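Asks: Here the protein sequences come in this chain order: A and B. Numbered per my numbering, the first sequence spans residues 1 to 480. Numbered per my numbering, the second sequence spans residues 1 to 480.
Watch out, some of these pointers could steer you wrong.
Stated by the list, open to error - List time: in silico PhoX-like cross-link candidates among lysine-lysine, alpha-carbon distance up to 25 Å: (1) B:K26 x A:K371; (2) B:K391 x A:K391; (3) A:K391 x B:K26; (4) A:K6 x B:K371; (5) B:K391 x B:K26; (6) A:K371 x A:K185; (7) B:K26 x B:K6.
By construction, these hints were calculated from the structure, which means they are not laboratory data. Just so it is clear, the structure is predicted and the values come from calculations on it, not from any experiment.
There are 2 protein chains.
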Amino acid sequence: MALQKKITPVLLCGGSGTRLWPLSRKSYPKQFVPLLGDETLFQASARRLSGADGALSFARPVALTNADFRFIVTEQLNLAGIDPGAVLIEPEGRNTAPAILAAALHAAATDPEAILLVAPSDHVIPDDAAFRAAVARGLPAVAAGDLVTFGIRPTHPETAYGYLELSAPPGDGGAPVKLSRFVEKPGAARAAEMLAEGHFLWNAGIFLFRARDMIAACEAHAPDLIAPVRASLEAAETDLGFLRLDPAAWAECADISIDYAVMERASNLSVVPFDGAWSDLGGWDAVWRESGPDTDGVVASGGATALDCRDTLLRSEDAGLEVVGIGLDNVIAVATRDAVLVADMSRAQEVKRAVAALKGKGAAQATQFPKDHRPWGWFESLVVGPRFQVKRILVHPGAALSLQSHVHRSEHWVVVEGTARVTVDDEVKLVTENESVYVPLGSVHRLENPGRVPMVLIEVQTGTYVGEDDIVRYEDMYAR
Amino acid sequence: MALQKKITPVLLCGGSGTRLWPLSRKSYPKQFVPLLGDETLFQASARRLSGADGALSFARPVALTNADFRFIVTEQLNLAGIDPGAVLIEPEGRNTAPAILAAALHAAATDPEAILLVAPSDHVIPDDAAFRAAVARGLPAVAAGDLVTFGIRPTHPETAYGYLELSAPPGDGGAPVKLSRFVEKPGAARAAEMLAEGHFLWNAGIFLFRARDMIAACEAHAPDLIAPVRASLEAAETDLGFLRLDPAAWAECADISIDYAVMERASNLSVVPFDGAWSDLGGWDAVWRESGPDTDGVVASGGATALDCRDTLLRSEDAGLEVVGIGLDNVIAVATRDAVLVADMSRAQEVKRAVAALKGKGAAQATQFPKDHRPWGWFESLVVGPRFQVKRILVHPGAALSLQSHVHRSEHWVVVEGTARVTVDDEVKLVTENESVYVPLGSVHRLENPGRVPMVLIEVQTGTYVGEDDIVRYEDMYAR
Chain A
1 MALQKKITPV LLCGGSGTRL WPLSRKSYPK QFVPLLGDET LFQASARRLS GADGALSFAR
61 PVALTNADFR FIVTEQLNLA GIDPGAVLIE PEGRNTAPAI LAAALHAAAT DPEAILLVAP
121 SDHVIPDDAA FRAAVARGLP AVAAGDLVTF GIRPTHPETA YGYLELSAPP GDGGAPVKLS
181 RFVEKPGAAR AAEMLAEGHF LWNAGIFLFR ARDMIAACEA HAPDLIAPVR ASLEAAETDL
241 GFLRLDPAAW AECADISIDY AVMERASNLS VVPFDGAWSD LGGWDAVWRE SGPDTDGVVA
301 SGGATALDCR DTLLRSEDAG LEVVGIGLDN VIAVATRDAV LVADMSRAQE VKRAVAALKG
361 KGAAQATQFP KDHRPWGWFE SLVVGPRFQV KRILVHPGAA LSLQSHVHRS EHWVVVEGTA
421 RVTVDDEVKL VTENESVYVP LGSVHRLENP GRVPMVLIEV QTGTYVGEDD IVRYEDMYAR
Chain B
1 MALQKKITPV LLCGGSGTRL WPLSRKSYPK QFVPLLGDET LFQASARRLS GADGALSFAR
61 PVALTNADFR FIVTEQLNLA GIDPGAVLIE PEGRNTAPAI LAAALHAAAT DPEAILLVAP
121 SDHVIPDDAA FRAAVARGLP AVAAGDLVTF GIRPTHPETA YGYLELSAPP GDGGAPVKLS
181 RFVEKPGAAR AAEMLAEGHF LWNAGIFLFR ARDMIAACEA HAPDLIAPVR ASLEAAETDL
241 GFLRLDPAAW AECADISIDY AVMERASNLS VVPFDGAWSD LGGWDAVWRE SGPDTDGVVA
301 SGGATALDCR DTLLRSEDAG LEVVGIGLDN VIAVATRDAV LVADMSRAQE VKRAVAALKG
361 KGAAQATQFP KDHRPWGWFE SLVVGPRFQV KRILVHPGAA LSLQSHVHRS EHWVVVEGTA
421 RVTVDDEVKL VTENESVYVP LGSVHRLENP GRVPMVLIEV QTGTYVGEDD IVRYEDMYAR
């Protein structure tokens with residue numbers, strides 16, 4: 001058998017949903033959070049589509065994200081031991097069609113025959129091997145020039161998903177079937193009918209195709225997209241290994257999904273049925289379902305304690321936070337260090353109302369986590385007082401904060417793990433565990449981790465104003 | 001009219017209930033917590049029974065508490081502007097009879113005619129003036145030698161309270177009525193009957209009497225209590241203004257309530273009916289009721305947000321903590337920095353099960369608050385790492401920590417509010433805002449606040465072990 005061509009995974013990870021608030025927030029959305037187990041959904045998606053498995057093998061992945069998440073993407077891939085082939089940065093979200101076309105054009109520049117597997121990175125597919133077998137089953141159709149989609153065999157009459165109507169019921173072997181048409185999210189009655197009829201599958205939004213076939217499909221069905229996406233790639237800037245698509249050209253792209261722009265119009269479509277478990281984790285009710293409720297229907301994670309509860313999800317998202325439920329029925333309770341959601345399970349789809357309410361009152365919790373991820377590591381505010389603030393700061397090995405100064409605050413740094421190199425005006429010195437440095441107001445300073453292990457320090461800021469925006473940057477290795 | 005003798009309030013504040021966990025914990029129970037409004041229940045109780053009101057006037061209060069709470073008692077009275085007459089420390093809880101007898105003997109030592117008003121300090125009585133009027137109505141009965149109890153006119157057939165059966169239905173004027181007998185907590189049917197019959201009142205556990213009458217009643221009905229209580233007072237030690245009852249003598253006292261020991265046997269009992277609102281806040285359902293639910297039955301306090309909720313209590317107990325409820329019905333959710341309780345309202349009396357469960361898993365939250373009150377102020381742990389801990393420490397003006405040293409840790413102190421006097425081995429210096437001090441491992445050190453305003457500092461501990469018990473104390477102004 002001929003060596004199979006490697007498949008390039010295209011991981012879509014620029015979205016920022018709020019249905020899983022308070023764990024998913026605009027500043028750090030659900031694909032980057034360990035919702036089930038220790039891995040994040042993004043890491044699990046990348047790992048699922050990596051390495052080799054029999055005749056199937058994967059090339060390095062291409063990630064499509066936005067500027068805010070670029071360092072999270074590289075950090076999480078790095079922690080998962082996966083080296084990205086490219087990280088394309090969308091100047092703004094334009095739905096899936098421009099993103100997928102950009103990935104296809106990017107791949108075709110070196111190999112028009114490149115096979116791409118486009119996948120959202122915030123879904124859960126517990127059985128990796130079964131999914132990769134499904135991918136392998138789609139390859140003959142791809143070789144024949146089809147655009148392949150993956151259809152999940154429905155387990156219940158779901159009204160929150162779109163459906164794929166097949167030309168014939170799928171066989172037991174899971175061979176590709178020609179697609180008749182896409183079906184919008186149905187009402188409950190129609191969903192029940194489709195479940196019974198047997199030739200309707202859930203649309204998982206996962207696509208397998210040759211780069212040139214997707215480009216051809218766009219040329220045929222969405223020709224207006226071609227020029228601006230091509231221009232945004234041609235004018236893209238390379239920046240610290242990221243490929244920043246050109247904002248002006250990108251702004252010309254229609255904001256449209258690949259389903260609307262291409263799939264619903266193309267005729268060279270095949271569907272690979274997938275019988276394994278799958279969820280888009282589109283709400284806390286889905287997380288509850290996917291977390292494996294016990295015989296009482298209870299999921300208690302992160303050390304949460306359930307007493308006499310039924311059909312209830314209790315999550316503590318902080319090691320120092322105890323969550324106890326008593327006598328609850330059909331309730332979701334998710335507690336983080338700075339926000340607690342308690343909702344009736346039937347209201348899982350209304351969590352965005354909580355986010356809107358908090359936005360309305362100006363609460364940072366609507367969009368921001370206490371832990372703020374930066375290219376060099378992260379920091380979190382431990383306490384804010386009238387004229388002071390205390391932060392914990394972690395700097396990755398080899399990383400450095402910008403050379404900066406502040407107008408309103410002085411800083412006391414105490415290193416508690418690892419070793420820092422500290423610049424204060426003309427002085428540069430190493431500071432290690434149990435040593436401290438004073439950074440006077442107005443001094444030009446920089447914090448670096450020259451070591452091999454993460455460096456953690458406690459920063460005590462004092463001054464009349466301790467906001468993040470009191471900063472003058474002189475040099476920044478991350479081009480901020 | 002002759003000048004009325006001053007009444008000495010006796011505030012019972014040694015209890016530590018868990019039914020309002022996570023806000024009430026063994027280390028800092030509900031009477032010391034601002035459950036309703038800005039005042040704590042203890043402060044509200046002390047204020048209610050202070051000053052003068054027409055012919056009624058109060059002497060300085062006597063507080064009965066245990067050693068753990070002694071500094072909380074004096075701090076809270078101090079903040080309320082109330083100077084205690086005495087703080088008696090019970091070596092261990094022996095229920096109300098020994099405590100009340102101790103207060104009576106203590107008062108009788110200087111004035112056997114002293115009039116004492118004994119009151120729990122964890123109840124809520126919103127209308128102070130009405131309650132003081134009720135106290136005034138009891139004075140003639142006291143002058144006639146009666147022990148006076150206060151009976152709350154029931155508003156519903158409560159099964160969680162004991163009742164007082166009156167010899168006749170109370171009149172509209174609220175004049176004292178002779179007590180027929182005490183009635184144990186009834187079943188639901190009996191409670192409904194008593195409510196209908198009209199001559200049963202709730203037993204509020206509040207008593208008004210002359211010191212010598214209570215002593216005589218104990219001599220008659222609980223003679224075995226007299227000798228050990230008297231001995232514990234005679235051998236009591238005065239310690240920083242506290243009167244520590246002698247533990248050996250105290251251990252001889254029966255553990256018995258004043259109702260069982262005396263009231264149910266005495267015949268010189270009158271009941272003053274009280275028509276005003278009263279609650280023992282015996283559970284979160286009572287707090288919900290007393291907090292004034294809106295037309296949907298919702299109480300959302302501390303910035304909590306309720307969306308489409310009914311008959312629900314949502315409390316955020318930390319300024320940095322957002323709590324959002326969606327579509328809840330009959331739910332209690334109380335969130336603190338380190339613990340969250342979510343319970344069906346009907347399970348309010350089962351909160352102690354949550355505490356037991358956390359004790360079982362060794363969680364500090366079962367009994368301890370993150371903020372630890374000490375005689376000199378308080379501290380809270382902000383973060384604990386593998387070999388470090390960060391604390392915020394507040395020291396009251398004029399207060400000082402013990403002279404101490406540590407075997408396992410060094411400390412970095414950064415003053416962020418006020419001024420500290422710091423001793424490190426032979427050196428003593430003032431350290432003010434934005435200044436820091438290093439306290440090496442093993443050095444003998446002391447922290448004082450010589451100023452007029454509270455001093456706050458951030459302490460960063462580093463070392464192989466950062467537990468509270470790594471401390472050698474050399475001198476301590478609080479005799480610990």
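Asks: Taking the hints in turn, state whether each one holds.
Replies: Hint by hint, here is what the structure shows:
1. Between the alpha carbons of B:K26 and A:K371 the distance comes to roughly 32 Å, so the proposed pair goes past 25 Å and is violated.
2. For the proposed pair B:K391 and A:K391, the alpha carbon gap of about 12 Å is at most 25 Å, so the pair holds.
3. At most 25 Å may separate the alpha-carbon atoms for a hinted pair to count; A:K391 and B:K26 exceed this at roughly 31 Å.
4. With a C-alpha separation of about 58 Å, the suggested pairing of A:K6 with B:K371 is violated against the 25 Å cut-off.
5. With a C-alpha separation of about 22 Å, the suggested pair B:K391 and B:K26 falls inside the 25 Å cut-off, and the hint holds.
6. Among the hinted pairs, A:K371 with A:K185 is inconsistent with the structure: their alpha-carbon atoms are about 36 Å apart, more than 25 Å.
7. Annotation: proposed proximity of B:K26 to B:K6 is violated, straight-line Cα distance about 34 Å (limit 25 Å).
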